[in-house]
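Residue numbers (the numbering used here), protein chains in the order written: chain A, 1 to 798; chain B, 799 to 1032.
What the hints contain is simulated information worked out from the structure, not anything from laboratory work. Each hint should be verified, as a subset may be incorrect.
Stated by the list, open to error - The list that follows gives simulated cross-link-like pairs (lysine to any residue, SDA-like), each with its CA atoms no further than 25 Å apart:
| hint | chain 1 | residue 1 | chain 2 | residue 2 |
| --- | --- | --- | --- | --- |
| 1 | B | K919 | A | R168 |
| 2 | B | K919 | A | V105 |
| 3 | B | K941 | A | Q319 |
| 4 | B | K813 | B | S878 |
| 5 | A | K189 | A | D43 |
| 6 | A | K189 | A | V105 |
| 7 | A | K189 | A | R168 |
| 8 | B | K919 | A | E242 |
| 9 | B | K919 | A | R12 |
| 10 | B | K941 | A | A17 |
| 11 | B | K919 | A | F4 |
| 12 | B | K941 | A | G2 |
| 13 | B | K941 | A | K189 |
As the list claims (entries may be wrong) - Among the chain B residues that face chain A by a calculated CB cut under 10 Å, a handful are:
| hint | residue |
| --- | --- |
| 14 | S845 |
| 15 | A883 |
| 16 | V885 |
| 17 | E889 |
| 18 | L903 |
| 19 | E907 |
| 20 | P912 |
| 21 | R916 |
| 22 | G950 |
| 23 | R959 |
| 24 | A960 |
| 25 | G963 |
| 26 | R1022 |
| 27 | V1023 |
Said to hold, decoys possible - Residues of chain B placed beyond 12 Å of chain A at every Cβ, according to the derived structure:
| hint | residue |
| --- | --- |
| 28 | E837 |
| 29 | N870 |
| 30 | G871 |
| 31 | D978 |
| 32 | N981 |
| 33 | A984 |
| 34 | D987 |
| 35 | N1027 |
Beta carbons: idealized from backbone N, C-alpha and C, even for Gly.
Here is what each chain is made of, one letter per residue.
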Amino acid sequence: MGIFRELRYALRSYLRAPGFAAVAVLTLALGIGGATAIFSVVDGILLRPLPYPEASRLVKLGRTTATGSMDGAFSAADFLDVRREGTSLVHVAGYREDISDLTGVGEPVRVPGVQTTAGFFDALGVTPLAGRVYTAADEARGGMAVISEGLWDRQFGRRSDVVGSQIRVNGIPTTIVGVVSASVRHPIKADLWNLAPGAVPTSPIPSGGLADREVQYFAALARLATGATMGDANAQLQAIGERLGQQFPETNRGESFHVRPLAATLVTDVRAGLLLLLGAVACVLLIACANVAGLMLARGLARRRELAVRAAIGASRWQIARQLMVEGLVLAAAGGAAGLILASWGVDLLVALAPQNLPRLGDIQLDWRVAGVASLATTAVGLLAGLAPVVQSSRPQVNEDLKDGGRTGTSIRTRFRSGLVVAEVALALILMIGAGLMATSLARLRAVDPGFHTTSMAAVDLPVPQSRYDGPAQGRFYSEVLGRLQDSPVTARSALVFPLPLRGSGASAAFDIEGRPSTGRPAQPIAELNIVSPDFFQTMGLRLVRGRGLASTDVEGRPPVVIINERLAREFGSEDPVGRRINLGDWITVVGVVSDARRESLAAAPQPALYLPYQQFVLPYMSLVVRTDASEAAVASAVKSVVRELDPDLPVETVRTIDQIVEASTDQPRFRTTILLAFSFLAVLLAAVGVYGLMSFSVSQRTSEMGVRLALGASPGQVGRLVLRQGLALAGLGVALGLAAAAGGGRLVASLLFDTSATDPAIYAGLAALLLTVAALACYVPARRAMRVDPMRALRAD
Amino acid sequence: MNASAQPLIRLDGIKKVFYTDEVETHALAGIHLEIAQGEYIAIAGPSGCGKSTLLAILGLLDTPTDGTYMLNGHQVANLSLSERARVRNREIGFIFQSFNLIGDLTVFENVELPLIYRGMKAAERRERANAALERVGMAHRSKHLPSQLSGGQQQRVAVARAVAGQPSILLADEPTGNLDSKNGEAVMDLLRELHRAGATICMVTHDPRYAAHADRSVHLFDGRVVEENVGAGV
Ligand SMILES: Nc1ncnc2c1ncn2[C@@H]1O[C@H](COP(=O)(O)OP(=O)(O)OP(=O)(O)O)[C@@H](O)[C@H]1O
Ligand SMILES: [Mg+2]
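Looking at chain B on its own, in the form it has when it is part of the complex (with noise of 0.2 Å):
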């Protein structure tokens, strides 16, 4: 099959119900979304809208509880937890809001670790962290632990970690949420270089100005997609 024949991400009909204390919440009411290879999409909406639900979803951290989510081609919504797991590793990368680094390995550790879960050989793995830390701006840095680090710098760490394995797509969950502005725009900054150096991105985001970075940016409310417009881009 011809990859740009089809999209990299297609949902269809997902719903995703909440059980707490005979409180159902549907946090995910139907969503129908395609995402292209190479296409760089912000998903924004007030809180509580569903954006963070849908990004686990499309990060195979949680199941939908209806529809279908197509990966490459193939149905991923209902894998076991191995094959969820494998993917997760190949597929995708991701950022998250509170950089969530492990406290107990270096830098370098934290950007090799999802090439070890794959299996990788070492000299490949050191190979592809270094490139990734080059990428980022904190080889420098590499045999540093994240407490030693700023939060911004903390960041670009983990940006290094998810590009690390070359994942089909980068998911981001509000990635400027822990920063300042200035951090926040150098973290920006590096998702459209990546984007430009051909990556996939998904970011979730509250702010007008970084949904504006992206080729188009999703509007969720209420666990539904109300608005879709083509942003700036680059």
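If we strip away everything but chain A, and leave its shape as in the complex, we get (with noise of 0.2 Å):
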């Protein structure tokens, strides 16, 4: 029955002095609602087990290069031992992502695709929505497929006699066998999952059939058999891989196989993002803790001669406590209310920002244990430090309190305060540096020449189904596609190229160099293959140095030719590398050289790179570039109409500019900065509150104590000094934790940085000058409240 009144004065007093609640529900929502919201985001894509059964006894296969580096990719043949062999292992299924252009039922249309070996579904545990799902009983019958969910739903209306329709995926006539849910999104968020016509998925390049060891090009997962664990299937594919290293020494040796969950391979690459964005989110709460903590002790002194009144008329500790925490958790319940709110517009937020590369995106939703575990962990800490003036009434100092109003014995727990605020702002400078040193970083990468033009370029990709297009029919189609588009005079300077730079795909291929010794596999010089048409140098604005370009004479039949880039030159030392012969299998002259350009990433410096004329060595990934002023809708109609006349069946996808390619591999890093942003600007007002909150408590503790001193004559100047000086001095105490905690912790995030040093002075003194200026700020209203008070009103006070 009490609690109803104690509510009613509760809402009461906050609802007189709306100050004080408003900031600490503002601290509670932010708190919960920026970490409940990263959290979820954070746990969405690194820590939620796959929607599979079982799921952690799913394995994605894995090989180990002989100089080490872990790949994915495998063999026909080293494929199948490893299936054959592998007993602690079932359903091992191979599989590789791959354009599906469908036709057969209406517009064609290329959605997403994965060719796979039978065993696929098996290992993954998919139950269908319709139909069924091809198993090991269908191995290398191809023709069949099984669609999403989301596919059914745009090109089938959900009819269920999708279950048995006959359409032709790249050009085959294929049997749509079954539906299964939007969940099952291995290894993409395909539409299309298409059964291998044998063993191991199609060759994209031309490879040795089932016996190859050279080509590594599909990937492989599984799961662990009945009682085996992960080390029973590591142990039994190393001794796999070492006995094929023995037996093949030319193709295998120094590499070896494993096993790692499926899930954790998902997200190598975002994890140290990801981590760094969870590290932020704890030190909000932090702060938010410590600020909630700080609010409610002010509150508690400031109400110690009450509480000492409620005492000397009989209320025991029991019912302080209780109306303690009656008020403690109103703003509790407000702060998390609150909280929910920002957290659930802050999950779709940074859904929206997220590059939509990021794996398992779709999987992210708010997540209710986290909103939990923030609410709990803010109120408690509130209600704790709400319930210090009770802890500490267990010393009878009640007549004390009774005595002087609350005024002694304030200063351990406003040193305890001050020490709060100290933290909140060293975390805050620790999570401004960590910003500033992205922000920095990004930046510089932005603003880093790839060696290609990036403005008033289009591209997209152009890739044909190798199952309507043999070797020779790719080189005739691209030939035609170049030839009508050059014609064209919005696509008049155009060019072929595979790969498009900055999108992390691309082949490399290791050489030897004529009259050098070859040195064998592990240590041959390797250097990224691109292939492209003659025009491409000068449509993507690479400088000839040395030598010729490629002629329009460099096909078929002609003796085959290779321009390498500067870079790649100097593996020539002082000798002219235009004229010499490398081995990429056949012998090839270096006919030219030119400047270098970034391939993989704006951040890796250029490599050795060959351009291989496409006339001589086509593949059916080809894509486009367009050097033009006009829009891309206007380069889009134009590919489409010379697509549509040479093969209506074929689809075009969509027109990029080169500068939202570029823009596109920053997405990563710019996601990190923009979120890391947006928490230290939280950080930053946290702490302010936090000050301003100290200062203001301080000078209304004080309020007589500056009436004296300017009876005594101090100017109202000096008085407001004094103020400043006392909040800066605890926030340049922070600032300096601060500093020295983010030049040791600098390291963590040294990995995520590009050209900038994790202790750059520069960003740390300008941050913590910028840190500063906003406490002093903070400090400001307290100050001049204490300049305006009254000496007659503070002395006769009390």
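With the hints in hand, could you dock these two chains into one complex?
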């Protein structure tokens, strides 16, 4: 019964002095909301189990190359050996992403697709929504596909007769055998999984069939066999690797195989960044807790006299504690509710901001467990701090509190609260420095000259299905497309290239230089492999440094030629590389040298690169680049009409600008930076609230002292500076601690930084100064109040 | 036991020592004092002689360093925290120099508060609080906040709060200290009236005129009782 009265009293007192309540609720809301939102994202990507039964037993197979690098790609023969001999694994399945052009259902559409071997769905343990999934019994039959729920909706209007219907996938007649739910999303959010026509997925480049150990081109997953552990599987795969290394030293020496939990392999790239964000969340939550604690302590101090009066008229400690707890819980409830609203906005915002290539982005939703933990943490801290006066009243000092109105004995708690503010400032500075480093790194990354034109450039992928285009047909198609496009004014300056730069994809090749002893596999020089049309260098803005460029006469049947970049030319030492030959399986003559350009990412320095003419080494994965001032739409319609003339069944993908591709290549650092900036802003805000709260409390406690000082002849300015100095001393201490901690922890983010030292003194100093300025501003209002104290009133008070 | 056969309060050898920064202050140095049921006693003495300390011990706000304290025949010097709160709530009514009303609560709620702590039913609480406010002439202000009242009015509300629970004894520490003489008189009249109606009162005062209101006045000096005289009484 008492609770309602206490609730009423609590509400009333907050309504009467809304400032305290507003700051406390805001602090709680920001802390709970921010922490929950970020943690939900981290959890969705990093921690939540995959949506498959017994997902922890799903493993991805990997290969460690002779040079020690990890790789997820298998050759046909290696895969078949591992599948046959790896008894600690079941349902070993191979798969590779593949474009899938669907025809036979209205307009041709291109959907993200995966070609898999028969055991794929057995391994994942997927139950279909409709029809069935193909299983081990369908091994090597081909011509079967499972589609996604999304495609079922979009393309087939969710008709149940889709099961059993005939379509063509890349021109091959295929039966849709079933539909799987949208939660099946491996290795990508595919719309179509089709069954490989052989024991392994078909190879995109010529290979030696099932006995081939040279060309590693597809991934593999499996399930741990009943009773087998990850350790068993690893030991077994390692033994297989060793045996193959002995048996086939040419291709397999020094290589070995391993398994890793499937979930872990999906997030390796983003793990460091996400953990950094999690650290940021922890900082903000700590600051919020410190702030709430500080606020509650201050309120407790200010109310010591009231609590003493209550004790004097016979309130037991429990009765007083209950009053304080009800008050605390009212704040916690309001803060928690506001926090949840912020959190759900925050999750939406983060998902919208997040780069689309973050794995498992679709799994992200507001995490109630975190919301609960964050609410509990802040509430518990608030309650504990709020109860401090009761805890202290276990010493019989009611009398003193009554006598002095709660003024003596405040120093120890004020000191504790000062400590909290120092910690807040330190944490805020750590976050600011983290954000500052990331922002600097990002700015420097964006300023990097990639070595090619980025403006007035459009690009579109133009892959063709191998099932309909053999090697010569590919070359004919691309040369037709290029010729027709170059005849049209909008696309006059067009070129073909594989691969488009800065998309993290691309092939490399080991080679030998003529006249030098071949060193054999691990120590052989390696270069990035590019396939281009002759106009590529001009179109992209690469300079010809020596020799000649590619010519339209460098075609099949003519002597094979290659252009190298300056970086690779250095491998030739003082000799002129032009006219020399290199061996890439066949001997090829170097005819020219072009300027360096970045391919893998803006952050990675240009590597040695080879440019082969597409009419000698065609791949069915060419992209088109166009130098033009026309819009993407104009380019798209030009490309579409040319492609439609040549192959009405071939869909054309979205045309993008090179600027957009460059921009997208920095998605992840930009996402991290944006979030960190938001967090450090939040942290600074909270720390400023902390400084402000402490200083205004201190001023209100010292009103009569200020009055005395003024009465004794201090100028208002001197009194104001007194407050400012006190506040800045605390902030300064926090800044010093923050600088030390950031310098110590900087190593942790070093791997995420581009061309930026984790201990860059300019960044540290600049942000420290900024934070001190903010702290000074936060002291300004209380300082003004101290200056305006009326000396007479102060002396009369008490 | 017969209530009139024993004093309401009996202090024996009460000592209180404060330890601060290695200085020992002997605020009370062996106090013997008896207060009978229905008595009105004034405690006087120079500043710093220990009056407030004595009152705090009488009101169980503080514990003596040594000595025994019998209240209503029970040893109360060394009760636990919660027992002390209970005794304070039932047996003792406080009136402070600086009123000490709770600013967030209305006049009525302030007066009702000790009854709430006692766990009394709402209807009875309302009746008693209103009766107490009637007695001090503040019933018409029961919805007001303390800040909306004059000092004299606040002290009358504080008196109402002290008597609402019908305690065994009223303890008042310079109840007129923050009031002008007219308001001071009014509060003293109120206390005298309560005494006439049977209340036991122990009041600390500097003012010999007010001390004269009491049945008996006790003079402290340096933590000891140096003089007791029977006052004019009423
Ligand atoms: N908490 C304390 N710590 C240390 N010394 C104290 C404390 N409270 C009181 N004293 C000391 O005990 C002595 C008695 O104080 P007390 O407050 O009882 O005096 P008083 O008679 O009420 O004086 P006044 O008339 O000025 O109110 C004084 O010397 C005082 O300094
Ligand atoms: Mg006193």
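Hint-by-hint comparison with the structure:
A threshold of 25 Å between alpha carbons decides the hint, and for K919/B with R168/A the separation of about 83 Å lies outside it, so the pair is violated. Annotation: proposed proximity of K919/B to V105/A is violated, straight-line Cα distance about 79 Å (limit 25 Å). At most 25 Å may separate the alpha-carbon atoms for a hinted pair to count; K941/B and Q319/A meet this at roughly 24 Å. Straight-line distance between C-alpha atoms of K813/B and S878/B comes to about 19 Å, which keeps the hinted pair within the 25 Å bound.
Between the alpha carbons of K189/A and D43/A the distance comes to roughly 19 Å, so the proposed pair stays at or under 25 Å and holds. A threshold of 25 Å between alpha carbons decides the hint, and for K189/A with V105/A the separation of about 21 Å falls inside it, so the pair holds. With a CA separation close to 21 Å, the supplied pair K189/A and R168/A stays within the 25 Å bound. Between the alpha carbons of K919/B and E242/A the distance comes to roughly 85 Å, so the proposed pair goes past 25 Å and is violated.
Proximity of K919/B to R12/A is assessed by CA-CA distance (about 23 Å); at most 25 Å being required, the pair is judged to hold. Distance check on the hinted pair: K941/B and A17/A sit about 19 Å apart at the alpha-carbon level, within 25 Å; holds. Taking the CA atoms of K919/B and F4/A, the gap is about 14 Å. The hint holds against a cut of 25 Å. Between the alpha carbons of K941/B and G2/A the distance comes to roughly 20 Å, so the proposed pair stays at or under 25 Å and holds.
Pair hint K941/B plus K189/A does not hold up; C-alpha atoms about 67 Å apart against a cutoff of 25 Å. With a cut of 10 Å, the hint placing S845/B at the interface with chain A is violated, because the nearest CB-to-CB distance is about 13 Å. Nearest Cβ of chain A to the Cβ of A883/B: about 4 Å, under the 10 Å cut. The hint holds. At its closest, the beta carbon of V885/B sits 8 Å from a beta carbon of chain A; the interface hint therefore holds under the 10 Å criterion.
For E889/B, the suggested interface contact is upheld, since its CB lies about 9 Å from the closest CB of chain A, less than 10 Å. Against a cut-off of 10 Å between C-beta atoms, the interface hint on L903/B holds, since the closest Cβ of chain A lies about 7 Å away. Nearest Cβ of chain A to the Cβ of E907/B: about 8 Å, under the 10 Å cut. The hint holds. Taking 10 Å as the C-beta cut-off, the interface hint given for P912/B holds, the closest approach to chain A being about 4 Å.
Hint status for R916/B: holds, given a least beta-carbon distance of 7 Å to chain A, under 10 Å. Contact between G950/B and chain A, as hinted, is not supported at the beta carbon level, the nearest pair being about 18 Å apart and thus beyond 10 Å. Checking R959/B against chain A: minimum C-beta separation of about 7 Å stays under 10 Å; hint holds. Taken as an interface hint, A960/B checks out: its beta carbon lies about 8 Å from the nearest beta carbon of chain A, inside 10 Å.
Because the smallest distance between the Cβ of G963/B and any Cβ of chain A comes to about 8 Å, under 10 Å, the interface hint for this residue holds. Using the Cβ-Cβ criterion of 10 Å, the hint placing R1022/B at the interface with chain A is not satisfied: the shortest such distance is roughly 20 Å. With a least beta-carbon distance of about 20 Å to chain A, the hint placing V1023/B at the interface is violated under the 10 Å criterion. A cut-off of 12 Å between C-beta atoms confirms that E837/B is not in contact with chain A; the least separation is 22 Å.
Distance to chain A confirms N870/B as a non-interface residue, since its nearest Cβ pair spans about 16 Å, more than 12 Å. Every CB of chain A lies more than 12 Å from the CB of G871/B, the least distance being 20 Å, so the non-interface label holds. Every CB of chain A lies more than 12 Å from the CB of D978/B, the least distance being 15 Å, so the non-interface label holds. Consistency note on N981/B: stated as away from chain A, and its beta-carbon is indeed over 12 Å from all of that chain's, at 17 Å minimum.
Every CB of chain A lies more than 12 Å from the CB of A984/B, the least distance being 22 Å, so the non-interface label holds. Every CB of chain A is more than 12 Å from the CB of D987/B (nearest about 23 Å), matching its label as outside the interface. The Cβ of N1027/B sits about 28 Å from the closest Cβ of chain A, beyond the 12 Å cut-off, so the non-interface label holds.
Taken one by one, the earlier hints fail for this structure at numbers 1, 2, 8, 13, 14, 22, 26 and 27, listed in ascending order.
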